[in-house]
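2 protein chains.
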Amino acid sequence: MKDILKPLAVALALAFAGSAQAAGPAGNEPIQPIKAAKASDPALVELGKKLFFEPRLSRSGFISCNSCHNLSMGGTDNLKSSIGHNWQKGPINAPTVLNASFNVAQFWDGRANTLKDQAGGPIANPGEMAFTHELAVEVLSSIPAYKAEFRQVFKSERLTIEEVTKAIAAFEETLVTPNSRFDQWLLGKKDALNKDELAGYQLFKTSGCTACHNGPAVGGNSFQKMGVVAPYKASSPAEGRVAVTGKDADRFSFKVPTLRNVELTYPYFHDGEAATLTQAVDTMGRLQLGRTFSSTENAQIVSFLKTLTGEQPKLTLPILPPSTDATPRPQPF
Amino acid sequence: MKDILKPLAVALALAFAGSAQAAGPAGNEPIQPIKAAKASDPALVELGKKLFFEPRLSRSGFISCNSCHNLSMGGTDNLKSSIGHNWQKGPINAPTVLNASFNVAQFWDGRANTLKDQAGGPIANPGEMAFTHELAVEVLSSIPAYKAEFRQVFKSERLTIEEVTKAIAAFEETLVTPNSRFDQWLLGKKDALNKDELAGYQLFKTSGCTACHNGPAVGGNSFQKMGVVAPYKASSPAEGRVAVTGKDADRFSFKVPTLRNVELTYPYFHDGEAATLTQAVDTMGRLQLGRTFSSTENAQIVSFLKTLTGEQPKLTLPILPPSTDATPRPQPF
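Those sequence lines, one after another, are chains A and B. Per the numbering used here, the first sequence starts with residue 1, numbered consecutively. Per the numbering used here, the second sequence starts with residue 1, numbered consecutively.
Chain A extracted, bound-state conformation (with noise of 0.2 Å):
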């Protein structure tokens, strides 16, 4: 039955991919070197920086945006689900922020278009941050040193959540991780691969991986089911991007993950039960392509999937400013 169905599945998968550039300007690769992000406001950037570390702007006051994707560990919590509010367990892996940029869509179910859209979502979570954006704001504009900030950054009064999710996406914006050694490899360094890296990334191309992980963000770009050959047997209860659409054709499709940084973004799949990079590879052969990898073959693409970890964002800690008599306290209990 595998047989059978597996030219369906690439088939499939290649009809999916419909923002998929098959050929590149790097020698006609389907993957392209992802490119140091600009900072076009530093200031407004700044800002951001400060807010993605800023733990006043959940309820209990101990979890921020860094909390759950730590610029520590490849910009996630490396947990199967994250941690919110009271312990409880998030129903889904929480995605990367490195690169995030080059998403389709934000979220597993792309059910935010935009950064700005997707930085208010946890926030307001009960599950998550558990606190509101009437309260976030209420906190940051008690303190003088964040009015004063958001007046330069603005050139305004306004202190909003408008404002504060765009500043969030402008610091995400510039969290892009180039010159990884499969990306200098592009750029012409032929020996920036050995030959086990090499061996995984054409077969990493002749089996279809990169009929969806494609792009300069090696995936991110469209919208996928999570089990095309066989179905997935999720311990999530997730059900993709159906819950933005409505159509039963997009239950259990997510949004393809980046491979970008993949090496330190372990656990993986939406549910997170993928513990290692050799589980992974051997699923979405045998799930979506109905192919089962040799020991051999796992290993040559795991080889070349660790060649896509980039230079990681080189951060100075933000300090943050004092909350005052006035500002809300935190309510962890």
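No lab work stands behind these hints, which were simulated from the structure alone. This one's a predicted model, so the numbers in the text were calculated from it and none came from an experiment.
Under the rule of at most 20 Å between Cα atoms (straight-line distance), these lysine-lysine pairs were calculated in the PhoX-like manner:
| no. | chain 1 | residue 1 | chain 2 | residue 2 |
| --- | --- | --- | --- | --- |
| 1 | B | LYS189 | B | LYS35 |
| 2 | B | LYS195 | B | LYS205 |
| 3 | B | LYS166 | B | LYS38 |
| 4 | A | LYS89 | B | LYS89 |
| 5 | B | LYS314 | B | LYS35 |
| 6 | A | LYS314 | B | LYS314 |
In silico contact screen, one side only, chain A against chain B (beta carbon under 7 Å); selected entries:
| no. | residue |
| --- | --- |
| 7 | SER72 |
| 8 | MET73 |
| 9 | ASN86 |
| 10 | TRP87 |
| 11 | LYS89 |
| 12 | LEU264 |
| 13 | LEU317 |
| 14 | LEU320 |
| 15 | PRO322 |
| 16 | ASP325 |
| 17 | PRO332 |
All residues carry an ideal CB built from backbone N, CA and C; glycine is no exception.
Place chain B on chain A using the hints.
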């Protein structure tokens, strides 16, 4: 009764302040400028910084030293009591890690003599990081990049909790905050403080605050009873120093906290029940000195205390090496 006890209270406080320097090099002041730390072993400090930000030292993979001693927020979490594994409520307010090397001992009850001894505590505390030293070492040992860094730093193959806590302590020793406006004033810049701040400092001295809050860290160098003139009704069950000495006289005796960066380290007292500096100054005056400060006096002391905010450590966020297939996975739930 307050008036009768007041001289006794001050005398007691002075008697306890064994290591206090009543006259410092800077114009015979009871407070001395704090000096920036010199890192004698930068590689050890850099390793310690990684470990300080390392959530894999916790059972959940979510809590690091920086979670409760947040270096973006004055080295504390700004919560009454900290959030531990499984959202447990801690029994006591997290003291700041900034300038902690000046403390006579670590923890509110001084049960750890050194920063190194302290560092191992929260890792294995079931209410905090809820891990074990053995598992923490197993995690680190499974990561080749850590193995190599320990080998390079310690010139040996040993990777035990001893090396882990030694590195964390070495990093913490660098977390000193020099060049506050008050230090500038101490060092001769006479316009560094305004009239109210100077009046506040005079009151701070003449009221007896400096009997305990003295030296370079403006505290941290003695244990004192909380509630000298009148008992302190704590919301925390902690009984202080008696837990270490077994002496009934040490019941409700706590390490005097440093007042360096006190503007950033709210809320105050071992139970975190004073939300603001105004409240803390009022309570200290009444319960420790038998003195009710007028609102003008209180405001002057508060304005002086805010001049103790020093330069915060400027840190590049560490990038942590990824787990390998052999690394034990976190158990958050």
